[in-house]
Amino acid sequence: MIKLGVDNGNYNTKSSEGMLYASGYAASDREFITPEMQLFFEGKYYAIGERRMRFQQDKTREPDTFLLTLPAIAEAMKRVGVINAEIALGVGLPIDSYGTQKEAFRRYFLRDNISFLFEGVSYRCRIVECKVFAQGHAALCRYYQKLKDYRSITLVDIGGYTVDILTLHDFRLDRSSCASLRMGTITLYSRIQDTLQRSDILLSDELITDAIRGEIQHADSKLIQTIVEQAVAAYCKELFNALRERGLDLRLPTVFGGGGAELLEPKLKMGDLNTVAVLNRFANADGYKLLMG
34 MIKLGVDNGN YNTKSSEGML YASGYAASDR EFITPEMQLF FEGKYYAIGE
84 RRMRFQQDKT REPDTFLLTL PAIAEAMKRV GVINAEIALG VGLPIDSYGT
134 QKEAFRRYFL RDNISFLFEG VSYRCRIVEC KVFAQGHAAL CRYYQKLKDY
184 RSITLVDIGG YTVDILTLHD FRLDRSSCAS LRMGTITLYS RIQDTLQRSD
234 ILLSDELITD AIRGEIQHAD SKLIQTIVEQ AVAAYCKELF NALRERGLDL
284 RLPTVFGGGG AELLEPKLKM GDLNTVAVLN RFANADGYKL LMG
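Using my numbering, you'd call the opening residue of the sequence shown number 34 and step up by one each time.
By construction, these hints were calculated from the structure, which means they are not laboratory data.
It is possible that part of the hints are untrue.
Okay, derived cross-link-like pairs now, EDC-like style, lysine to aspartate or glutamate, Cα gap no bigger than 20 angstroms in a straight line [to be verified]:
(1) 164 / 50
(2) 255 / 233
(3) 164 / 129
Pair ranges (Cβ atoms, derived) [to be verified]:
(4) 157 / 89: 42 to 50 angstroms
(5) 215 / 258: 40 to 48 angstroms
(6) 137 / 77: 39 to 47 angstroms
(7) 278 / 152: 45 to 53 angstroms
(8) 207 / 53: 24 to 32 angstroms
Just so it is clear, CB atoms sit at the ideal spot from N, CA and C, and this is done for glycine as well.
Please put together the full structure from these sequences, using the hints given.
Listed below in structure tokens is the structure:
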């Protein structure tokens, strides 16, 4: 049996085996030009990583999340050299929907006789076990040894669409602290793209990421860099203010996680923030696999 953790983010999908791709796809009745990230399932071809999905509050209502999990399953099977396997899957939900959607999300993944092609290779599997964990909390469990000496820790998980917050006291969850803010990095990207369009500069999300990292290759790179730096500073200020309005004292030990935290790490270690760790974007997926036992 193969144990696998998958973080089904609305922005990116991440696996405990280190696979990362945009949570979206283009569908067709015919093969795409190249086999890279191409999935064939139930009579249709999917170019995985294209056209990010719209935000889905309940992922069980559409087949998208299941389709986007199949490449991660294929990669896990490829790593151990099999094309037929039983899968034990660890997945997660945001804290604010965990209690109401946990059982439905678990049933959504439990399936027999799954047959698909990924990058030209045929795979068959059964998802015989699925456990659902709380996002963020699972990420912290992965880093327990590093963080166990802190009496109180607040996690701020910056995703593409949401920022999830929770506080642990002696590594026990303070349930009253749990919250989810619609302030993910998609708001930052949209703001940057809107501003750049006024100067007739059109950049994809991937190129915006390059610009935030200071790696943009463009004839107007200086203008882009100035706009990006101003937008990032404004976004961080708004985020920190929103966290403080929720009663969080960021001078207490704080852990930032998620792809947004990884991208904005330099800003998260400035000023009077007491940032004790910045977890990488795979922390949740790694935590799910760890908690599978």
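Hints, verified against the model:
1. 164 / 50: 17 angstroms, holds
2. 255 / 233: 15 angstroms, holds
3. 164 / 129: Holds: residue 164 and residue 129 sit about 17 angstroms apart, inside 20 angstroms.
4. 157 / 89: 42 to 50 angstroms: Since residue 157 and residue 89 have Cβ atoms about 28 angstroms apart, the given range 42 to 50 angstroms is violated.
5. 215 / 258: 40 to 48 angstroms: At roughly 28 angstroms between Cβ atoms, residue 258 and residue 215 fall outside 40 to 48 angstroms, so the hint is violated.
6. 137 / 77: 39 to 47 angstroms: 25 angstroms, violated
7. 278 / 152: 45 to 53 angstroms: Given range 45 to 53 angstroms: holds, Cβ gap about 47 angstroms.
8. 207 / 53: 24 to 32 angstroms: 31 angstroms, holds
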